[in-house]
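Going line by line, the protein sequences match chains H and W.
Numbering-wise, this note's numbering puts 259 at position 259 of the first sequence, and it's gapless, one number per residue.
Numbering-wise, this note's numbering puts 1127 at position 127 of the second sequence, and it's gapless, one number per residue.
Among the hints, a few may not be true.
When the alpha-carbon atoms are kept at most 27 Å apart in a straight line, the in silico DSS-like pairs for lysine-lysine are as follows [said to hold, decoys possible]:
#1 Lys109(H) / Lys1098(W)
#2 Lys1047(W) / Lys65(H)
#3 Lys1082(W) / Lys55(H)
#4 Lys212(H) / Lys1098(W)
#5 Lys210(H) / Lys1120(W)
#6 Lys93(H) / Lys1098(W)
#7 Lys1120(W) / Lys93(H)
It is worth saying that the hints were derived from the structure and are not from the lab.
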Amino acid sequence: MALPSKIKKNLPLTSPKTLLGRRQELLEKINKDGTYLPKSLLHADLDRGFLDFVKNDLRTVVEGKLVPTVDILITTQNWTQFTETWNFQNIDKNAEPPFIATVRNPEVKFGTNPALIYNIPNRKQYFYAQVPTWDGQRAGMDIYKIPQPVPVDITYSIKIICNRMRELNEFNRIVLEKFASRQAYANIKGHYIPIIMNEISDESVMDLEKRKYYIQTYGFTMLGFLIDENEFTVSPAVSRIFQVVEPDLKYKRTREKKENIIPEEKIINNLTSVYSYSTISIEVSKTFEYICNLNYLNDVNVGDYDVFINNLYYGNTLQTIQVNTNDVVKIIVNKIDPASISEITFDVQFI
Amino acid sequence: MNNKVPITRLGKFFGDTDYNLDIQLGEEWLYGDMNFTLVLYRVDRIKTKTDDVYGETVTDGIKFLPPVEFKGYVQIMAPENKALGNSKVEQMEPGNLKVSVYQRHLDELEIDIQFGDYIKYYETEDRVRFYTVNNDGRVVSDNKHNYAGTRPYYRTIMASYVTNNEFRGL
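Kindly produce the complete structure, drawing on both the sequences and the hints.
See the structure below:
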């Protein structure tokens, strides 16, 4: 059994980034080796990127020989074609098959990239980056703004001209595998530009009394966008604010009267002891976190009571108990009716 | 052996003697005056390894029988300036080779020119071009190839040029 041709020579020790991390990674790639701004992307860059895509990603080798590519878009100046094909020309200075040529439809249409097709009119500038600055005295920021890129659709045709079916087959395999998901991406100046495959057609010359050769055409649409660096703006951000307020003295604002609200805690801390035990002598303890006087108000089913503060006897049936912070007040009650509930109520007076 | 039937048509005005004389005069003109020399590379259809599916060979993979030099009347068609399909790759496509060769000459050399064979023709001392036979002119029943309607005496071979990656005589 043959070994697979694509053997992993290195195992990645870190997992690839996803979601936000991946977006950050792409942003760093766009900004790499340059300013904080993305690199300009115009027609020539997209064309060059497509030619590189053909040259590298659709590289075709048959019988151990590389099928050469015409590394230019053939234009109206014929000498460029001659220059680019000199290394695979025959005695007639014609390009010797097999070779691959790329043709661009001259017209570039407004793009159909769904990410860019709907935008805000009037070329609004959008915040792109905030870059720290230092002028020798003050630290500041520069705000980098760019307009939304303009989507463009560029249609290319890749043509393979060859004499043998196996060359067609190999190129066809490479293209179809590359575009198995309908689209592939060209990395142009750090931007990932999608390329969609269209139709495949045949223009082979099969005349009886002429030289026979195959020409197959693969149509592609590049869903590119234009970023013009001349439209970028860099403006200083606000570094210092001097705020002046001038009040209107004609009208005097009256404050709303507020009711004197007793803190809820103080109400809650009115000491109310409720006894529900059937024993004769019942005690209750409470720790006070503030200084106050406990003034006796009334009682129910209480004969008399003893008061202890911090386990020291303080007095019997007192009308006022003076309490300091963190004192533990213990009251032991003698009930009149042992079967009923006893209750003593004190008023808490904060000092 | 097939039966041979003597051709006696036009015998009253144009007999075998006249026919042979005129052929000889033509050969004298062609071989002596014109002297177009070509080399025939007959494809060895047994030794040549071809693809099982497409019948194609690899580059320089065509095996051929010993090349044979022969004489014929050569005409080369005008080249055509054209683009390869819609590729915008323009080039000057060399014209076809048309060779008229006496059947008796082929018989003397004991060769037959077949569809797909290659013909080498020196344009200059150091510039050679290969052609592949696309019409071996085997059917010679027309009046043009019959001397005054007597019997066929020459064949017209049409060949189109090939690029080096198909055949270059190696």
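Each hint tested on the structure:
no.: 1; hint: Lys109(H) / Lys1098(W); result: violated (49 Å)
no.: 2; hint: Lys1047(W) / Lys65(H); result: holds (24 Å)
no.: 3; hint: Lys1082(W) / Lys55(H); result: holds (25 Å)
no.: 4; hint: Lys212(H) / Lys1098(W); result: holds (17 Å)
no.: 5; hint: Lys210(H) / Lys1120(W); result: holds (17 Å)
no.: 6; hint: Lys93(H) / Lys1098(W); result: holds (23 Å)
no.: 7; hint: Lys1120(W) / Lys93(H); result: holds (19 Å)
When the structure is compared with the earlier hints, a violation turns up for hint 1 alone.
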